[in-house]
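Colleague: Single-letter residue listing:
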Amino acid sequence: MKQKASKGTLKRVLRYIRRYSFFVGLSVLLAAASVAATLYIPILTGDAVDHIIGPGNVDFGAVFSILVQIGAIVGLAAMAQWAMSLINNRITYRVVRDIRNEAFKKLQKLPLSYIDSHPAGEIVSRVIADVDQFADGLLMGFTQLFTGAITILGTLGFMLSVNITITLVVLLVTPVSLVVAAFIAKSTYNMFRLQSQVRGEQTGFVEETVGNQKVVKAFGQERRAMERFSEINERLRACSLRAIFFSSITNPSTRFVNSLVYTGVGIVGALSVVGGGLSVGQLTCFLSYANQYTKPFNEISGVVTELQNALACAARVFELIEQEQEVPDNGSARELQRADGAVGIDGVYFSYKPGRRLIEDFSLDVEPGQRVALVGPTGCGKTTVINLLMRFYDVTAGGISVDGTDVRDITRRSLRRNYGMVLQDTWLKNGTVRENIAYSRPEASFEEIEEAARAAHAHSFIKRMPKGYDTVIGEDLGGLSQGQKQLLCIARVMLSLPPMLILDEATSSIDTRTEIRIQKAFAKMMKGRTSFIVAHRLSTIRDADVILVMRDGHIIEQGSHRELLRQGGFYAELYNSQFAST
Amino acid sequence: MKKLLIYMKGFRKECVLGPLFKLLEASFELLVPLVMAAVIDTGIGNRDRDHIIRMCAVLVGLGIVGLACSLTAQYFAAKASVGFAARLRAALFERIQGLSFSDMDVQGPSTLITRMTSDINQVQNGVNLTLRLLLRSPFVVLGAMVMAFTIDWKAALIFAAVIPLLSAVVFGVMLWTMPRYKQVQGKLDKVLGTTRENLTGVRVVRAFGREESETEGFESENNALTRLQMFVGRVSALMNPMTYILINLGTMVLIWVGALRVDAAVISQGAVVALINYMSQILVELVKLANLIINISKALACANRISGVLDTEPGMSGPSEGGRGDGASVSFENVELTYNGAGGPSLSGISFSAPAGSTVGIIGGTGSGKSSLINLIPRFYDATVGSVRVGGLDVKGWDLEALRGRVGVVPQKAVLFTGTIRENLLWGNEDAAEEELWQALETAQAKEFVSEKPRGLDEPVEQGGRNFSGGQRQRLTIARALVRKPDILILDDSASALDFATDLKLRQAIGRLPNRPTVFIVSQRASSIRHADVIVVLDNGQSVGVGAHDELLESCEVYKEIYGSQFDRGDRK
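Protein sequences, first through last, are from chains A and B. For the first sequence, numbering that gives the first Met the number 0 gives the first residue as 0, with consecutive numbering after it. For the second sequence, numbering that gives the first Met the number 0 gives the first residue as 0, with consecutive numbering after it.
Incorrect hints may appear among the rest.
Said to hold, decoys possible - If we take Cβ atoms under 8 Å as the criterion, some of the chain A residues that face chain B in the derived model are:
| # | residue |
| --- | --- |
| 1 | Ser20 |
| 2 | Gly53 |
| 3 | Val62 |
| 4 | Trp81 |
| 5 | Arg96 |
| 6 | Lys104 |
| 7 | Thr202 |
| 8 | Leu270 |
| 9 | Val272 |
| 10 | Ile320 |
Unchecked claim - Calculated lysine-lysine pairs in the DSS-like style (CA-CA distance at most 30 Å, straight line):
| # | chain 1 | residue 1 | chain 2 | residue 2 |
| --- | --- | --- | --- | --- |
| 11 | B | Lys287 | B | Lys186 |
| 12 | A | Lys213 | B | Lys412 |
| 13 | A | Lys484 | A | Lys466 |
| 14 | B | Lys186 | A | Lys108 |
As the list claims (entries may be wrong) - Chain A side only, calculated, beta carbon under 8 Å to chain B, not exhaustive:
| # | residue |
| --- | --- |
| 15 | Ile40 |
| 16 | Thr262 |
| 17 | Thr283 |
| 18 | Gly368 |
| 19 | Leu422 |
Keep in mind that the hints were calculated from the coordinates and are not lab data. Beta carbons: idealized from backbone N, C-alpha and C, even for Gly.
Isolated chain B (complex conformation) (with noise of 0.2 Å):
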């Protein structure tokens, strides 16, 4: 919490008016019980028609002040309260951009999303109630005490006793009841467990006819958060009768004090009712500050995890002077990969070289490390051991910005972002002109469906780019990557939603392009490899074949496998 303090460092001035203000403002809601007292004493006490109009403007002018000063504490707590956290926003969305993949693998982007979202809504509700409430209550709630006690000392030692008594049930219901609406909490989230569960497997549901026992399932969760739910009901149901019942003994307790006092001369009638009026105001601030306290904890939680993500140091930058490597050969020299708190390398012993304008096959089964090895190309992540080369210059030594530009990542899941098939495309290059974009398109088998969209390259695309089937979408993601036109194209198993025909079309395309960029091609399929210059078979994270298809065919057992799965003998021509 107190990193994010500075963010707070622009505000210091409201974070010091708000609280003020708002003590102004408790300050003059306490004169008004004795103000009521001298009205009840000397105005009515001596008939003086004259005084009670006084006084009761004296109180129309404490109303105006209080309003004023509260106005303004609220305007300062918004301010800072808000500024705070747009600047929170600010700063760790920048953070986030800077994070490099092996920090955002440990985070997860859900985690972060949440971060920038609920979490800082929340935060800045904690600092701005914080700001108005937090000096306020326990003001008020001492204040009235204090008063009381400038009153009369002894008929005051009631509030003392009164005060803790209240403390303790608001408080002791609030300890006891949070950590079991958290249950709650989990419970509901059960409940909601399932409720998803049964909607996703709606077929195999139907399918097996165990409908019923489905329904008899969440009945029996449902029933048990109910439970829940009623048991904490019960104890949070004693709250309001019980201090209700404190405070209303505290008040017949000061009468019966008050009556001896009065008797006895020490205090007047007025004041009587001053001290009740005061008994009155306590119990309304010590709910309003017990609420305050569950906010502000759920605040703080919030600020600490936020901190928790600036905390993190981006874990990869550039060389200060990074070089530029000389043409698009790559080569990998005995590279291991171990990602952050992994037990063992995800990648280990692997070595190849494919000069400039090759294509490359990778081949494997889920896991064995594909799309960890083409990662190394554009430094998404550094090699344990080892050495990963493009242009003959070790990644580690370009410049960052400079290396990524020249590579073309076509990746795994087709996310397109939200805005123009336009806007999408010059991702890969912002200068790019109205015709490299179609011939992207043309190149990426997309020209045809994008030519008949009723806007063409304007065509909107909605978030994750949810307007467009799954096979467009991966078209889409590979033009972006050829408006680029890069040195080197990676696909990382990109044309999985695409019939056997567009992806040989495809490939036939990309080996046509003027440029001739080093392509890297990820596949499960054999038949999308098998023409690469070099394949390199991959299982378990350690290569176990390097070579063009025939030899592959020869001399690798894995390859000779998963080609047999996806080949009938008889066929092999």
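So that you can see chain A by itself, here it is in the shape it has in the complex (with noise of 0.2 Å):
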């Protein structure tokens, strides 16, 4: 089953590759090309040494020709390996950006419930982090994979050339370094993810105790928190020791197999000579090959859980590219003009999740300029009947719709550019103030966008910012109150002003001066236009034409003022409240 879905994964990851399908070619040429050299300067090093007998006993001019020859292969060698690594970090780069892009514009089409049900930095992650990983991972372990493949055949070959005695006591020495990086590799295994998993709760400890340190000093629960770390603390210590010197052990491990492969090459290798079998040279060779010929070994076993660690984040990143997009706009969808503003919901059943009923058989009747009221507890699922509206989800039954047309027969861009929509959690772009308020209609002049400010109250403090309207704000940026970046959020809609409008009043964390304008700038935009607002001021509430009660994500009553007071329901119940006395 895991097997199935990596071999899904690797075909997906070649299909990404094929584009670039002659640099691969020409790569692997090169590093064929690279490794033979690589292979072949030991023997001419061994054949100049043949010819340097002893005093009086050196052939000079072979010597000379043979430098010639090692002087040529290192220059091309050189090239080769050069130019490989500029095709590999060509092919590398490319296709990260490739994935990339083609993640963000899936994330720019997928369905609001996607996006909404995952954490957007578990998103982030992916786009960024698992592609890195699967970059690094995926391209230089496959050069690696496949270079350490040439090398050991090549090593072996040549070394088959020159001998076969010495070839079969390496052959058979060989092995065993694998068999001990193998065994070191499994054991440490395990003890790298207990490592991981302590760290995990260390880490999860600190954040939750230290990110919210005032809590723990306002309780004075200091020395318990100090307590329960050491704890941790000490089994992290142990066993951090314990994987660390594990895994420390691979590398001296493997350097004492090899030098065991050494000696037995120098050893039959010495006898042959001693016997006639063999040169000096030929010996020279042959010990440069044992040093090197188990180096591509312990790569590849260290390739191998690369390979699988990038494997499993492109199906991470596949995952998301090939997630199911949103239902596209059919196909005789119109696009809807400047509306009226007449919206009917007709007989609308809704839930997130099949069998958890919230929205059902809810019916009204918004008449072009009317105002409806959302009222009710956080939470309660308000925001549900927007995400209905805009279309950011659709109805599991019955039907809504803009000026008598079901809004599933229009397309979605123009059915949302009829909205204005202004949100509590107020959303602003890294960019001058200027290209903010223009995020409505990117066309419009600065005459227009600053009309638009002063329509919402916001011309003053942005005159006040820094640089005016070139000032850079952004949602990791300060320097704004939560009331300011609202008044440009009004802005924004201010400027495109379209004729339906979705306002969301704030609770809490703006002072009163700002939001006095936010309510004028309200009242400015509302005037002649069809607004549902999420209200929380009674004043708003009373001159709605149309209140909706909600609690838990039903709508539990309906009406207007009078007549919702008149029935001495939930809605009664929170009016009164406000009034009532300690």
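Mind docking these for me? Both chains are given alone in their own frames, and the hints should help you get the complex.
Modeller: See below:
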């Protein structure tokens, strides 16, 4: 099962690489060339040594011509190596770029349900960290695996061509190195897993404690936190020691096995020289092969884990890229021009998860210019209604229409452009104030932008910012209060001013004066426009044509202020609690 | 870095023995080419089979001793580095526990977490590598050269030329690429930021139909990253071929000079082989050394950041013989508070007094100083001017632990900790009985949903309390403060996620508490504080009104404005 999944991933990876197949082929050829050259040089060196036998017994002419050969081959090998690195870089970074671009494009088309149900951090790490890991591991791993394999085969070939007995010695001892490396890798794997588990536990504890250090202090829990920390820390120390020590055994151990190979070649080789079957130069050549022959084996065993890791990362990225996208607009969907703003909700059923019913048989006719207030405690599901109106989610049954046309027969883009939305969790792009306001209409002139800002009561504070409309703002850049951010979001909508509005009144964390400005701006926008308001203020609620009272995701009451008070239900209770005394 | 060395103290033996054994191993490795030369010159030259076998036995012996030395070295290095890191981590954690609130404002939690985790891991790694390799690589390089000199000093001059050249290439390329890799990281962070921004703003992006321009923006940043990566890659791709050429040029010269020297009967054929072997040992070690230096410099940077935290002296400590005030009255006398490093005061001229058992409402916009004010009561910060008295005694004269033990704080951000509901509540008071926990939950309006949980009080709480809704978390943090049966209860905008009805029930239940604590309610909702005995109205850090609701409606402009914006005039009954 798992094997199958990784096979599928491999296939997809190959699909990305295919467009670079010429370069991949070239890279393989260059790798083969540079390995062959690297392997041929010890033979030449050996030849040279054979011509340096003793005093008066040195063939300078032969040595010189061998040196010239070595020089030429070294030059070629170096060129091949360089070209290979350049090509590999090119393939790696381009593939990464392609995958990232594709992943980001996909993000724009994913249904909201996917994005809502996955933490942003997780998706981001797929697009960034996983793609990186994949590139490093897979492509570097691939070249290492490939050059390693060629080196092994090439060495064997060269050795066989020189002397069969010594080659057999090397072949017999090599597996020992592999067995040792595999054994260590296997036993350290568990220790590393344990280490990362305990480390994770400690990180979690540190994040929680240090992240909320003020609460810890307020309740005087410092000593208990220290105790728990020490306990985890001690466990981490013990298992880190084991993990680090055992993993650091690998190198010395394989080095030891290498030295056995080296010695084996030394004995058999020297004895053959004495027996006359081998020259000293050939022995030198064998010794240097013995040195480099075992290296690829060690590398390959490391590369295999790296490749597996890279494939796992690739699988996560592809899982995202191949996620089913939002149902496309239906073929006959039309562009909604500037709507009048009549919204019909007819027998709508909706739930996020099948089986957990939320909105049931909800009907409402909103005439152009009417105001609908959504009322209820935090977390009661007011955003659900927004999700359906904007068609971030599709209804399960029933239908919603704008100007008499079912929203499923309207292109999403034109539907959404007919709504102006100001949410409480304000979102601004990293960019200048001007760019942010023009987000709704990029082609707007500066005069229009300024006018929108004035209408949103944002002009005066923007003017006071260090670079006015060209000040750079963004999510993680401070400097703006929550209320000012909301005013900018209002200016953004002011600029395009669509016929229908979705507004979210602030509950807290906005100072009074800013709030008054926001109210004024809201009032200006709502004039003559169909609006849906998540309302907290009594005046907004009372002035609404229809109030939808929500609780636990359900719409429980619906009607005008008077009607609802008369019903004496949940709304009446909410309303009265504001004025009851303690 | 120096200051961190004290945590190394218990590991002196390991720090000496580790590198020492490593050097022993390296020395044995350096002997190998000499032994091989003996095999060639004496063994083969004299056709002495016994000598060959004996020499090879020596090689195996060297291998075994080398392995033993190396394992010993690895063990000591691992022990010292892991032990050092564990101590350092404990010391740092302890220091963080001792930081005052203003120290924490300076450092910020996310920095502190990074110091505790990845920085210390980086240092551990650096120490481990240093102990294992820092001496070894230069030793092998120099050793190879020295050995070459013992064979034939004239031929060995080639080493003296090749080593600096190789070093120049290896270190040059590394020095050039290191800062550029930082730039690459910066660009990568930008790509990451754009992705995150797009995800958090997905509704806005789609509402305005800006998917395509977002994609374009992403692609241009992504392309810039790719271009820079390729540029840096092109230069670092030079390193392998260049070192390869250098080392082989060295070998070629060595063979030629060797040929001359052998012809002149200065050295033997075996010695030439040995010299070639030494040449090939150098390159590997130089590359290792360069990598090691990168790792160590990273570790040093981390170590400096860590010692920066360790160096902060806790800014506040309780008096050596703290007293205890009498009762739960609270008074502020002309209090001013200026945060460390801030340009101006965040609070000034605050005076009011609240008798024991009274309710104080604090209202004002964001940034008006509401949280700053209440943070002075449990002495989370010290007033810069004036005094805060609890039970008649200035908080600076109180025993700090006793003072904080009497105050129950419900912070603005409702945080719970991993564990169970019960464990979280016991933070308020470790000795509270089951019944007391339920009472607190009842007052906090949390009894109903806790008893509906399948495991009741033992229901697990996930990290940050994310398996509870915002309103539930808030009520649990209120209960946690109530378990303490505090003399002073501080609710810092802690009912913001509750609906009006629950908020009201909560306030009524608190009003009925048998021990009648002095209650501070911080809120932006006029309805939450209008029935308080004293209301303090803050605007921009100044108190612009102190009094009861009716008085303030008459006299205080700001209060009138706030009240008016939340209640319609016609509704005021």
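Colleague: Taking the hints in turn, state whether each one holds.
Modeller: Tested hints:
no.: 1; hint: Ser20; result: violated, 19 Å
no.: 2; hint: Gly53; result: holds, 6 Å
no.: 3; hint: Val62; result: holds, 5 Å
no.: 4; hint: Trp81; result: holds, 4 Å
no.: 5; hint: Arg96; result: holds, 4 Å
no.: 6; hint: Lys104; result: holds, 6 Å
no.: 7; hint: Thr202; result: holds, 5 Å
no.: 8; hint: Leu270; result: holds, 6 Å
no.: 9; hint: Val272; result: holds, 5 Å
no.: 10; hint: Ile320; result: violated, 14 Å
no.: 11; hint: Lys287/B to Lys186/B; result: holds, 28 Å
no.: 12; hint: Lys213/A to Lys412/B; result: holds, 11 Å
no.: 13; hint: Lys484/A to Lys466/A; result: holds, 17 Å
no.: 14; hint: Lys186/B to Lys108/A; result: holds, 25 Å
no.: 15; hint: Ile40; result: holds, 7 Å
no.: 16; hint: Thr262; result: holds, 4 Å
no.: 17; hint: Thr283; result: holds, 5 Å
no.: 18; hint: Gly368; result: violated, 21 Å
no.: 19; hint: Leu422; result: holds, 7 Å
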